[in-house]
Amino acid sequence: MLLLHCPFCGPRSEIEFSYGGPAALPRPDDPAQISDADWVDWLTVPENRIGPVPERWCHSKGCGAWLTVRRDIRTHEILEVRHGA
Amino acid sequence: MARFSILNLARNAISEHRNWTEHWRTPELKSDYDIVLVGAGGHGLATAWHLARVYGLTNIAVLEAGWLGGGNIARNTVTIRSNYMRDESIPFYVKSVEFFDRLTKDLNFNTMHSKRGMVDVLQTWGMVRDRRRRRLTMDLHGARYRPLSVQDLRRMVPKLTGGGPDARMPILGAEFHPDAAVNRHDAVAWGYARAIDAMGVEIHQNTPVTSITRGADGAVTGVETPRGFVRANKVALAVSGHTTTLSETAGLRLPLRTINLSAFVSEPLQPCIDVVVNCPDLGIYLSQSDKGELVIGGATDLGQSFRRDVKQHVFEDTVAAMLDLFPAFRRVKLLRQWGGHLDIAHDASPIISTTDVPGLFVSAGWWGGYKAIPAGGLCLAHLLATGTPHPLATPFGLRRFRHLEYVLEAGTTTAR
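Those sequence lines, one after another, are chains B and Y. With the working numbering applied, the first sequence covers 2 to 86. With the working numbering applied, the second sequence covers 202 to 617.
Next comes chain B alone, as it looks inside the complex (with noise of 0.2 Å):
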């Protein structure tokens, strides 16, 4: 089970929490400029390397906060834990 630091409520037990994906890169500034290729890549391809990685975590039997984590995948650590995007 992962301990969250929630920046609001302190250390939580992760099933206070909902799990929100993989958070994305920021949204291209303009889509009209980019290639469809890119757009898709962008809203389908998520970064999966053996370390950590971006995600997204609701605080949702907590605060209700949207929290972004980052994660090492191969060993569970949590790196970071920030509010918001």
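Hint data in this document are derived by calculation from the structure and do not stem from the laboratory. It cannot be assumed that every hint is accurate.
[To be verified] With a straight-line Cα cutoff of 20 Å, these simulated EDC-like cross-link-like pairs (lysine to aspartate or glutamate) come out: (1) B:K62 / Y:D518; (2) Y:K512 / B:E15; (3) Y:K231 / Y:D518.
In this text the structure is predicted, and so the values were computed from the model without any measurement.
Got chain B sorted already, so can you dock chain Y onto it with the hints?
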């Protein structure tokens, strides 16, 4: 290689089984092949079998990082079924079930196939409606699914004593899928390996591919391994959770993420459950193996993971869910647990496809890929041999992401 037959078994029994020869070779790794298949799991082996048997191609190396039958083909719950949701998916899995039904004969290897059927236990009205819709779609494609009353369900699975009218989630109904089966996963790996070796395909164990190399024109030229460079113009990846790890060595990014799916095995019990029991509302399914062990599959941990262990709360949730429905198993001891990596695509459907890298093919995104082994092998072999997708796999190309033709499949056991 000796062919298995009654006569041959009798002859070897008389000589106390001391004269069996090895079932596949351990050849020298050559520097050049027509096709390199990365991963000697179910899909890699089945692809080689179809390439040799159907398309007559045998100058093929199947490179395996570990040992034969040691990857995800040993990390699943051997459930074979075709009760999927989408028009694109159902015919593919119907074909796969057909292949499995005759696999023992095709491979001349006893896969211990047991066509025992699967029952879906429904505990919410949403699920009852979902399964009814699924039954109507399956009817169109020749997959069998029929509704079952709660009384008939309890007669079919007498150990299912939980989920009564006073339970938190009472059982509302059930659907029976007679096409479902289980078999022996090792036998599938060994049977395919033995058959493709006999046709001249080479299997190289302990040969991890570390990177894919491309020529000046961008096309694939071969793969690097610790045993040296292997040249091939066609390289196909069938490596489950490590697809992106390898494809990225060729500069190719894919819409896949790797997750962990776990399962458990109990101590052996007297025979008590003769169907596969799936409880989609609780996220658990189980069957009893020939040895008597309960093979229990649990909910998916949806976060990305390259681990092969099980998170404690996933384990506890799965066991608690099982005890809700099967209170008689309260004192059963669990012997083993395992987790496997699998990669899941953006739309949860498989990918059997050419890629932006000429000569590089992928078979990935198998969430519940065991049941897809023979049909997945056929479709990847067809693509490698002819350059065009097999009709069953046309919807599963990578182009679907570029053209927003997703196949949103929630028909996998644990997807709810």
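Taking the hints in turn, this is what the structure says about them:
1. B:K62 / Y:D518: The given pair, whose Cα atoms are some 17 Å apart, holds under the 20 Å limit.
2. Y:K512 / B:E15: Measuring from Cα to Cα gives roughly 11 Å; hence the hint holds.
3. Y:K231 / Y:D518: Violated: K231 of chain Y and D518 of chain Y sit about 49 Å apart, past 20 Å.
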